[in-house]
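Asker: Here is how the chains run, residue by residue.
2 protein chains.
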Amino acid sequence: MAVYTDVSDDELTAFINTYAIGDVLSAKGIAEGVENSNYLLHTTEGFYILTLYEKRVREEDLPFFIGLMQHLAQKGLTCPQPVPLRSGEMLSTLAGRKAAIVTFLDGMGVKRPSARHCQAVGEALAQLHAAGADFKGHRVNALSVAGWRPLFEQAGHRADEVLPGLYDMTREVLEGLETQWPDDLPSGVIHADLFPDNVFFIGERLSGLIDFYFACNDAWAYDLAICLNAWCFEQDGSYNMTKGQAMLAGYQSIRALGPAEIEALPLLCRGAALRFMLTRLVDWLNVPAGALVRPKDPLEYFRKLRFHLRGESARDYGLS
Amino acid sequence: MAVYTDVSDDELTAFINTYAIGDVLSAKGIAEGVENSNYLLHTTEGFYILTLYEKRVREEDLPFFIGLMQHLAQKGLTCPQPVPLRSGEMLSTLAGRKAAIVTFLDGMGVKRPSARHCQAVGEALAQLHAAGADFKGHRVNALSVAGWRPLFEQAGHRADEVLPGLYDMTREVLEGLETQWPDDLPSGVIHADLFPDNVFFIGERLSGLIDFYFACNDAWAYDLAICLNAWCFEQDGSYNMTKGQAMLAGYQSIRALGPAEIEALPLLCRGAALRFMLTRLVDWLNVPAGALVRPKDPLEYFRKLRFHLRGESARDYGLS
Numbered sequence: 042m043a044v045y046t047d048v049s050d051d052e053l054t055a056f057i058n059t060y061a062i063g064d065v066l067s068a069k070g071i072a073e074g075v076e077n078s079n080y081l082l083h084t085t086e087g088f089y090i091l092t093l094y095e096k097r098v099r100e101e102d103l104p105f106f107i108g109l110m111q112h113l114a115q116k117g118l119t120c121p122q123p124v125p126l127r128s129g130e131m132l133s134t135l136a137g138r139k140a141a142i143v144t145f146l147d148g149m150g151v152k153r154p155s156a157r158h159c160q161a162v163g164e165a166l167a168q169l170h171a172a173g174a175d176f177k178g179h180r181v182n183a184l185s186v187a188g189w190r191p192l193f194e195q196a197g198h199r200a201d202e203v204l205p206g207l208y209d210m211t212r213e214v215l216e217g218l219e220t221q222w223p224d225d226l227p228s229g230v231i232h233a234d235l236f237p238d239n240v241f242f243i244g245e246r247l248s249g250l251i252d253f254y255f256a257c258n259d260a261w262a263y264d265l266a267i268c269l270n271a272w273c274f275e276q277d278g279s280y281n282m283t284k285g286q287a288m289l290a291g292y293q294s295i296r297a298l299g300p301a302e303i304e305a306l307p308l309l310c311r312g313a314a315l316r317f318m319l320t321r322l323v324d325w326l327n328v329p330a331g332a333l334v335r336p337k338d339p340l341e342y343f344r345k346l347r348f349h350l351r352g353e354s355a356r357d358y359g360l361s
Numbered sequence: 042m043a044v045y046t047d048v049s050d051d052e053l054t055a056f057i058n059t060y061a062i063g064d065v066l067s068a069k070g071i072a073e074g075v076e077n078s079n080y081l082l083h084t085t086e087g088f089y090i091l092t093l094y095e096k097r098v099r100e101e102d103l104p105f106f107i108g109l110m111q112h113l114a115q116k117g118l119t120c121p122q123p124v125p126l127r128s129g130e131m132l133s134t135l136a137g138r139k140a141a142i143v144t145f146l147d148g149m150g151v152k153r154p155s156a157r158h159c160q161a162v163g164e165a166l167a168q169l170h171a172a173g174a175d176f177k178g179h180r181v182n183a184l185s186v187a188g189w190r191p192l193f194e195q196a197g198h199r200a201d202e203v204l205p206g207l208y209d210m211t212r213e214v215l216e217g218l219e220t221q222w223p224d225d226l227p228s229g230v231i232h233a234d235l236f237p238d239n240v241f242f243i244g245e246r247l248s249g250l251i252d253f254y255f256a257c258n259d260a261w262a263y264d265l266a267i268c269l270n271a272w273c274f275e276q277d278g279s280y281n282m283t284k285g286q287a288m289l290a291g292y293q294s295i296r297a298l299g300p301a302e303i304e305a306l307p308l309l310c311r312g313a314a315l316r317f318m319l320t321r322l323v324d325w326l327n328v329p330a331g332a333l334v335r336p337k338d339p340l341e342y343f344r345k346l347r348f349h350l351r352g353e354s355a356r357d358y359g360l361s
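Going down the list, the sequences are from chains V and H. All residue numbers for the first sequence refer to the working numbering, where the first residue is 42 and numbers rise by one. All residue numbers for the second sequence refer to the working numbering, where the first residue is 42 and numbers rise by one.
Heads up, some of the hints might be wrong.
Intra- or inter-copy, both count: the list cannot distinguish identical chains.
Derived SDA-like pairs (lysine to any residue); straight-line CA-CA distance at most 20 Å [as the list claims (entries may be wrong)]:
| no. | residue 1 | residue 2 |
| --- | --- | --- |
| 1 | 177 | 227 |
| 2 | 152 | 51 |
| 3 | 69 | 88 |
| 4 | 152 | 176 |
Please keep in mind that the hints were generated in silico from the structure rather than gathered at the bench.
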């Protein structure tokens, strides 16, 4: 949630003129997205979002992200639709950064999701998986099981600064996951970061999915495990079975989970919790002096992980 | 430029329902205004700005600011127009802060103002002075000459940390201004902070004035002196006579300056430069640890002040 790059009005006007979206009337830096700078543009044609890609997004991944949003939007998914330049290209440069313009989506993230919200997210996630099935792009998930050990080693024994014993507990969980992680589940494009910030609602109606900058190819059921972690726990750390049931039912109303996916669900939930715990832990231990953003609490995901270590079957998550 | 207060979707929806502006479709925290939190709202009726007043704005001043914007908008000035609640009141409360909704204005601040921009600002400033002449509210300018010595004493000898000799030079200028400051110039409502951030343009057409949270009653020509300081110097510290001429001509095309105002102009320019130098100096010397905002350079205004110390008549600023 930040605006990192300041763009002058002259630069912006010249930039907008390379698109066929009318004349710029207003541009407001908005507090949206952690990784990039975002502006809400008003032009004589309508409203758009201008994104400037900051250094945490790799330039070589941008064609995958932009191409995916285009593909999904064409399939009818409500996600930001990239707007081409007059030249036909989708990516440009502004203020020394790669930049793109996408359509503006109404809606707001929910702070306290209800079971109805969770059901809608389950449906939308399955729609995303279905719509992405024939997308030609490919991007390895750098934050799947093979990426966890390097993160764990980066944190190392300093993990115990956050919670005494965290290092040993994490190593044990990691070793178990490395041994058991399945590599033959139905796969395709996943969002990989479908947190409440990235799903817009108008009331209880889901109005759009945003922020595809972690999207990659991986097991669909792993994406669902990420969502169960992100949406179905209460602030006190308890798992809300009603929300879990709603999300799983919503997902299965569009795409039925196969036996191997159902079998793997508790393990996938453990992996998803570990993945977010580890990235948060590394961020937590590496806050630069004078940082503008307070890192997220890794222990939130440690508590979720502990819940998952007790889970034995998909029934424990509300699968009927 | 900040969003200080985070508002939940439920709170926001309930809040919006107390206004007759339709249902909320979207709310984006925007990077606008240094003192308050601002959200750009999209509702089924249109676009609005929601402002949450943070602690630097005194609650007892809010009726003056809101009433003034209402008054000026009714007189045809393009400024944000406060939107009443269904109850008829203009001020509400959200997330523990006083809050108001105003109409959305198109346009953008200019980074490199041209003489045409300066002329338009001169005209708009005179229109603001004329439109505010019969406004009933009254607010003392706490940052006029009587307020400068307390600021100077707050900085004290630490001024020399910023520039050796700054303490003695500032004291000398301050003493001169305290002796000579006029108290009988034509007065009324002034904006008091009409910097390029606070004036919107679409191309070279001025589309609106914003941020009335320093507005107060004071000499109109002092407001003009603030604008000459804010708009007519180049980045290298030189005074751009063409821009000064354009601003003064723009102003006088709407409201002619009287002989006493013309006589006082160099002194008022000195005072305006000192006022911004002093507030910046105090901010500079009191940056809290972990501050999110880098304070503005007080020496920019010291250099302007030095220019003004050489000015003898309004001719030196481009008055024809």
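Asker: From the Cα coordinates, with 20 Å as the cut-off, is the pair residue 152 and residue 176 best called within, between, both, or neither?
Answerer: Classified as neither; 32 Å inside a copy, 42 Å across copies.
Asker: Within a copy, between copies, both or neither: which one fits residue 177 and residue 227 at a CA-CA cutoff of 20 Å?
Answerer: The answer is within: 16 Å in one copy meets 20 Å, while 71 Å across copies does not.
Asker: I want to check one pair: residue 152 and residue 51. Are their C-alpha atoms no more than 20 Å apart within a copy, between two copies, both, or neither?
Answerer: The answer is between: 8 Å across copies meets 20 Å, while 37 Å in one copy does not.
Asker: Between copies, within a copy, both or neither: which fits residue 69 and residue 88 at Cα up to 20 Å?
Answerer: both (11 Å within a copy, 13 Å between copies)
In summary, the one numbered hint that this structure violates is 4.
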